[in-house]
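> What follows is the residue order along each chain.
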Amino acid sequence: MFNSKKLVAGLAVFFVFIIYSLGVRHETPVISKPAALENKSSNTTSSNNLTAGTSTTYSSTPANSTASQYKDGTYTGNSYDAYYGSVQVSVTINAGKITNVKFLQYPNSHSTSVFINQQAMPYLQQEAIQSQKANVQLISGATFTSQAFVQSLSSALSKA
Amino acid sequence: MGMPITVEVVDNIDDTEFEAIFTYFKAVDERYSTYKTTSEISQINHGLPENQWSSEMRLVLDLCEQTKRLTNGYFDINRNGNLDPSGLVKGWSINNAAKKLLDLGIVNFYIEAGGDIQVHGINASNKSWEVGIRNPFNIDEIIKVIKLHDEGVATSGTYIRGEHIYNPFDKNQKISRVKSLTVIGPNVYESDRYATAAFAMGETGITFIDSIPGLEGYMVDDHKLATFTKGFDRYTA
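Quick note, the sequences are listed as chains D and C, same order. Taking this note's numbering, I'd label the letters of the first sequence as residues 1 to 160. Taking this note's numbering, I'd label the letters of the second sequence as residues 1001 to 1237.
Treat the hints as calculated values from the structure; they're not laboratory data. Please note that the accuracy of each hint is not assured.
To be verified - List time: in silico SDA-like cross-link candidates among lysine to any residue, alpha-carbon distance up to 20 Å:
#1 LYS133(D) / PHE1208(C)
#2 LYS1224(C) / ASN100(D)
#3 LYS1127(C) / GLU127(D)
#4 LYS1230(C) / LYS133(D)
#5 LYS133(D) / GLU1141(C)
#6 LYS133(D) / ASN1138(C)
#7 LYS1147(C) / TYR123(D)
#8 LYS1224(C) / GLN130(D)
#9 LYS1230(C) / TYR80(D)
#10 LYS133(D) / GLU1050(C)
#11 LYS1230(C) / ALA128(D)
#12 LYS1224(C) / THR76(D)
#13 LYS71(D) / GLU1130(C)
#14 LYS1147(C) / ALA134(D)
#15 LYS1224(C) / ILE139(D)
#16 LYS1230(C) / PHE1208(C)
#17 LYS133(D) / ASP1233(C)
#18 LYS133(D) / SER1128(C)
#19 LYS1224(C) / LEU124(D)
#20 LYS1224(C) / SER131(D)
#21 LYS133(D) / ALA1237(C)
#22 LYS1224(C) / GLN126(D)
Unchecked claim - A few chain D residues that don't get close to chain C, going by computed Cβ distances all over 12 Å:
#23 VAL8
#24 GLN69
#25 GLY73
#26 GLY77
#27 ASN78
#28 THR92
#29 ILE93
#30 ALA95
#31 THR99
#32 ILE129
#33 LYS133
#34 GLN137
#35 SER140
Stated by the list, open to error - So the derived list for chain C, only partly shown, Cβ under 8 Å to chain D, looks like this:
#36 LYS1100
#37 ASN1123
#38 ASN1126
#39 VAL1131
#40 ILE1142
Ideal placement from N, C-alpha and C gives every residue a C-beta, glycine not left out.
Required output: the full structure, derived from the provided sequences and hints.
Here it is in structure tokens:
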């Protein structure tokens, strides 16, 4: 049907914009009600002043549409994987029109950026350290404190 | 400085020649120890004019500057406005002492100071020198045995003296992920200065060592995992 196709297309564009905007926002995004819908009298300046994404959506919905197959109320969508995390929205319908969309889950992707640990050097071999039972003539290690040296020396001397 | 020094000479050596090695190290300590207020480095840090610096000190400071360039700034002897060249002097002085023995015709020996080692020739059993790498989590254990002939070995670590190695690019950062880094090089001067710099790089230090021809490294992190350079195994088993 004409109206629902446009609405679905509009919603698709809307969500694409939301996913895009996650890359540039930190705070929880809440889509504020556009003036054009709240204010029933026509507002000719509205579409340029609306937040970018919503103008496309709302201007495509004719003011006198009979999209009343959507019952008034607030509805929660399923949660979907957006790669860096989940996205879940709730939508509010009023007088057959979308009047609010709210994010219930969004990926705080900036805190889940991949931590490059030493796995970033995959071409160098690694192994768990293991105690070796072996006779050696000398040992390389970090510096002893003087006290430790004296203790070690006296314990060695006690065996001599 | 003020660290224990061990010298083992397999060949025959005169007592006076042997003692001369320890006398040399004492002189190095007198000049470069930041713990001695009378040392030349302490006097420099208290404002001794440059025209009164010894030529040897100038040489050492030049070597420190060169090392800083070679390590992209990670070897840096500046400590809160004071100079502390001990990260280079230790290996440099051991290397000098080894040269003194070689000049005497001594071929089979090792010199060890503060965990840094220069070996030469073969041990008393006519085999390569067998050097253990200390377990940074248990100083009574060794975690690796390396067999050396003429190389130098230096280990930088945090487990005994505390975190005495600084990242010159972030003085508040504690080098916590790397517990110890052992570097094998053609001589202990090279091993020591590169181990000092690479340790300050944190986890990428071992990659830096891998990129330098002639150096091999073995790094232990705080999860008891070791990472080693591509040619390191030529010194094991």
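> Evaluate each hint against the coordinates.
Hint-by-hint comparison with the structure:
1. The hinted pair formed by LYS133(D) and PHE1208(C) fails the criterion: a straight-line CA distance of about 30 Å is larger than 20 Å.
2. For the proposed pair LYS1224(C) and ASN100(D), the alpha carbon gap of about 53 Å is over 20 Å, so the pair is violated.
3. Pair hint LYS1127(C) plus GLU127(D) does not hold up; C-alpha atoms about 27 Å apart against a cutoff of 20 Å.
4. Pair hint LYS1230(C) plus LYS133(D) does not hold up; C-alpha atoms about 25 Å apart against a cutoff of 20 Å.
5. Restraint check for LYS133(D) and GLU1141(C): the C-alpha separation of about 8 Å stays at or below 20 Å, so the hint holds.
6. Distance restraint check for LYS133(D) and ASN1138(C): the Cα-Cα separation of roughly 14 Å lies within the 20 Å cut-off, and the hinted pair is therefore satisfied.
7. Of the pairs offered as hints, the one joining LYS1147(C) and TYR123(D) is violated, with about 24 Å between alpha carbons and a cut-off of 20 Å exceeded.
8. Taken as a hint, the LYS1224(C) and GLN130(D) pair is honoured in the structure, with Cα atoms around 9 Å apart against an allowance of 20 Å.
9. Between LYS1230(C) and TYR80(D) the CA atoms are separated by roughly 44 Å; this puts the pair beyond 20 Å, and the hint is violated.
10. Using a Cα cut-off of 20 Å, the hinted pair LYS133(D) and GLU1050(C) is violated, with the two alpha carbons roughly 52 Å apart.
11. Straight-line distance between C-alpha atoms of LYS1230(C) and ALA128(D) comes to about 17 Å, which keeps the hinted pair within the 20 Å bound.
12. With a C-alpha separation of about 48 Å, the suggested pairing of LYS1224(C) with THR76(D) is violated against the 20 Å cut-off.
13. Distance check on the hinted pair: LYS71(D) and GLU1130(C) sit about 82 Å apart at the alpha-carbon level, beyond 20 Å; violated.
14. Taking the CA atoms of LYS1147(C) and ALA134(D), the gap is about 12 Å. The hint holds against a cut of 20 Å.
15. Distance hint between LYS1224(C) and ILE139(D) is fulfilled; the C-alpha atoms sit about 19 Å from each other, no more than 20 Å.
16. Taking the CA atoms of LYS1230(C) and PHE1208(C), the gap is near 12 Å; set against the 20 Å cutoff, the hint holds.
17. A distance of roughly 18 Å separates the Cα atoms of LYS133(D) and ASP1233(C); the hinted pair therefore holds under the 20 Å criterion.
18. The suggested pairing of LYS133(D) with SER1128(C) holds, with an alpha-carbon distance near 18 Å, which does not exceed 20 Å.
19. Restraint check: the Cα-Cα separation between LYS1224(C) and LEU124(D) comes to about 16 Å, which is no more than 20 Å; the hinted pair holds.
20. The suggested pairing of LYS1224(C) with SER131(D) holds, with an alpha-carbon distance near 11 Å, which does not exceed 20 Å.
21. About 13 Å separates the Cα atoms of LYS133(D) and ALA1237(C), which keeps this hinted pair within 20 Å; it holds.
22. Simply put, LYS1224(C) and GLN126(D) have alpha-carbon atoms about 11 Å apart, close enough for the 20 Å limit, and the pair holds.
23. Distance to chain C confirms VAL8(D) as a non-interface residue, since its nearest Cβ pair spans about 50 Å, more than 12 Å.
24. Remark: the non-interface label on GLN69(D) is consistent with the geometry, its nearest Cβ contact in chain C lying 58 Å away (cut-off 12 Å).
25. For GLY73(D), the shortest C-beta to C-beta distance to chain C comes to about 53 Å, beyond the 12 Å cut-off, and the non-interface label holds.
26. Taking the minimum C-beta to C-beta distance to chain C, about 42 Å, the non-interface status of GLY77(D) holds against the 12 Å cut.
27. For ASN78(D), the non-interface assignment is confirmed: its Cβ lies about 39 Å from the closest Cβ of chain C, beyond the 12 Å cut-off.
28. Under the 12 Å C-beta cut-off, the non-interface status given to THR92(D) relative to chain C holds; the minimum distance is some 49 Å.
29. Distance to chain C confirms ILE93(D) as a non-interface residue, since its nearest Cβ pair spans about 53 Å, more than 12 Å.
30. Every Cβ of chain C is farther than 12 Å from the Cβ of ALA95(D); the closest lies at roughly 58 Å, confirming the non-interface assignment.
31. With a minimum CB-CB distance of about 50 Å to chain C, THR99(D) clears the 12 Å threshold, and the non-interface call stands.
32. A cut-off of 12 Å between C-beta atoms contradicts the statement that ILE129(D) is not in contact with chain C; the least separation is 4 Å.
33. The Cβ of LYS133(D) does not lie farther than 12 Å from every Cβ of chain C; its closest approach is about 9 Å, which violates its non-interface assignment.
34. For GLN137(D), the non-interface assignment is contradicted: its Cβ lies about 5 Å from the closest Cβ of chain C, within the 12 Å cut-off.
35. Distance to chain C contradicts SER140(D) as a non-interface residue, since its nearest Cβ pair spans about 5 Å, not more than 12 Å.
36. The beta carbon of LYS1100(C) is not positioned within 8 Å of any beta carbon in chain D (closest approach about 19 Å), and the interface hint is therefore violated.
37. Checking ASN1123(C) against chain D: minimum C-beta separation of about 5 Å stays under 8 Å; hint holds.
38. About 13 Å separates the beta-carbon of ASN1126(C) from the nearest beta-carbon of chain D, more than 8 Å, and the hint is not met.
39. Using the Cβ-Cβ criterion of 8 Å, the hint placing VAL1131(C) at the interface with chain D is satisfied: the shortest such distance is roughly 6 Å.
40. Hint status for ILE1142(C) relative to chain D: holds, with the closest Cβ pair at about 5 Å, below 8 Å.
In this structure, the earlier hints numbered 1, 2, 3, 4, 7, 9, 10, 12, 13, 32, 33, 34, 35, 36 and 38 are contradicted, and the remaining ones agree with it.
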